[in-house]
Each structure stands twice: as C-alpha cells, then as structure tokens.
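Novice: Using the sequences and the hints, build the whole thing.
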Amino acid sequence: MSEKASNGPIRCKEARKLIEKSFYDTLTIPEQINLAGHLMECSDCRLWNETERWVRQMARSFFPQQEVPYDLQRFFHKLTPS
Amino acid sequence: MTQQVHYLSEKEKKQLFNREFLPYMNDLYNFAYYLTKNKEEAKDLVQETVMRAYERIHQYAPGTNAKAWLLIILKNLFINQYRHKRRIPGRVSYEEYQSTAAEHPIIDTEREIFDSPLSGEVAAAFNNLPPDDRLIIYLADVVELKYKEIAHILDIPVGTVRSRLHRARKALKKMLLKYARTMGYITDEDFNESAVSSAPPHQKADVVKSKKS
Ligand SMILES: [Zn+2]
Chain A
0 MSEKASNGPI RCKEARKLIE KSFYDTLTIP EQINLAGHLM ECSDCRLWNE TERWVRQMAR
60 SFFPQQEVPY DLQRFFHKLT PS
Chain B
0 MTQQVHYLSE KEKKQLFNRE FLPYMNDLYN FAYYLTKNKE EAKDLVQETV MRAYERIHQY
60 APGTNAKAWL LIILKNLFIN QYRHKRRIPG RVSYEEYQST AAEHPIIDTE REIFDSPLSG
120 EVAAAFNNLP PDDRLIIYLA DVVELKYKEI AHILDIPVGT VRSRLHRARK ALKKMLLKYA
180 RTMGYITDED FNESAVSSAP PHQKADVVKS KKS
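The listed protein sequences correspond, in order, to chains A and B. Under numbering that gives the first Met the number 0, the first residue of the first sequence carries the number 0, and numbering increases by one thereafter. Under numbering that gives the first Met the number 0, the first residue of the second sequence carries the number 0, and numbering increases by one thereafter.
Rather than coming from a laboratory, the hints here were simulated on the basis of the structure. Be aware that a few hints might be false.
What the hints assert, rightly or not - Only pairs whose alpha carbons sit at most 30 Å apart, straight line, appear in this in silico DSSO-like list of lysine-lysine:
1) K177/B <-> K12/A
2) K172/B <-> K66/B
3) K66/B <-> K16/A
4) K169/B <-> K12/A
5) K77/A <-> K10/B
6) K172/B <-> K12/A
7) K10/B <-> K36/B
8) K77/A <-> K12/B
9) K42/B <-> K77/A
10) K173/B <-> K20/A
11) K169/B <-> K36/B
12) K77/A <-> K13/B
13) K38/B <-> K13/B
14) K16/A <-> K145/B
15) K147/B <-> K173/B
Specialist: Have a look at this one:
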C-alpha cells in the first residue's frame, strides 16, 4: 500500500498530479509509465483515481444537457445542404 | 501537420463544415444555453456563431480543434452582444471580439441559475461555488476541453487554468464527499483531509520522519 509507493519512481503527490493532468492534458510516455507503475503498487492512489473520476462524472450531472431544438437543426441543414 | 485553407469552393466549405463543425452543434448549443440560460437566446447565439464560423471557415486549419474554435467565436459573440448589448451582427470584426474578450476575460456569470437534476443540499452547495469555478468545471468536465483550449476560451494563461481548475475540483470534491458522508455512503474515516488534499498524510509523515533523523 502506501509504503510501497515511496519505493516507486514517483510518489503519491506526483501521481495525483498526473491523474488530474490525464483528464485535461496529454501525458507523455514516461508520465504514463510512471503513473501506471505507481497505480499498480499504491491502493491509496487507485482509490484516489476512482474518486477523481467519480467527481468528474458528478460534475457532469450538475449541467443537464439540452437537446438541440428542431428548428436549429433545420438551420444547420439549410446552411449546408448535401 | 495541418495546413491553413485559403481557397475553398462553396462545395468544399460545406464539406469541411459538415465534417469538422457539425458534430459539435450539441456542445455549441449547450454552451450557449449555459451562458444565456434562455432557449431562444441560445438559439440566436448559435445561429450567429455558425454563420460567423462559416464566413471565416478559411481561417480554420482543418484537423485542429474545431470545438474550441467554435466555442471561442460563440463566447466572443456572447460578450459582445449580451454583455455590451451591441446587437449589430456582422459589423463587428473578429479582432474586436478578441479585444473585448481581453478586456473582460471572464464571462459574466451573474445570470447563472442552475436547474440541476440533483436537488436539495448538494445542488445548492454547487450553486454556492464561485461562478468562475463552475464555469471552469463546465468547460473541463462537461465540454471536455484541455487546459490549453480553456485558456484560449477564457483568455487566461494555461497555468492559471490549471491552478483554478485544481482549486475548483478540490472544492467540488470536498462538497461531494461531505454530501456522501451525510447520506451515509461513506464513513467519517473516509472523509478526511487526505481524501481531498493531493498530498497524502503518509507522505507528510515521511517528511516529518526524515526531518527528525
Ligand atoms: Zn500513491
């Protein structure tokens, strides 16, 4: 668990930064390897990763998606008839 | 590598529009609705955005991020028309939009009222987050934009996006975990500072240990 993490190439704090970065940026190959390696060893960060994904999913539920109105769809098709 | 398109026939313009822009009409409409909180205004805003994008399609580099490109146009139009009440579509240059956006880097979100399906305490708590935080969460987690794209849309540095988003997500997570604890989904033990802070407690302890030795 946590004690294993400190032996890995990156520590929990860096791993958690990479988890966040993975959502909003592209991880480099070494970053991907480091993160995957750390997650294999550290159950705390695996849980963290899952919680972060859950937060992301929950965030979406605060913003109900609206359907594009029919007349607007018609406008798009009128603009670019095939 | 992508190349800027300079000369396009009407047919090519339509093909490019259909291929690269049409898939994002849903995102565009939802962002417009997010900003205006009004279906009719959102529709008008999207129509104007699309016309503007279509007119300037030669400035778009195919294969780059069409979604971000469209959202920037939409946001700038919104700032022009809805914040400054300058309803003169077609007469305002893109450069003018940009300078307006630079003067007002953060969208006016005073009008935001969320009709979230999550009722009660948690929705109210979410609405209590600062408007900037909600906007950045929206762009990052709902529209699924990257740091760089958000920076373009909000006209702020990437580093600011990163830190602001980190802060906003931390506040959101804390709020959600608190709610989950109240509802009995998680225990008091699960809900502690280490659940929201990216510096785990055992690493803080390691630091203390190494300082002692
Ligand atoms: Zn870890």
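Novice: Any of the earlier hints contradicted here, and which numbers?
Specialist: Number 7 only.
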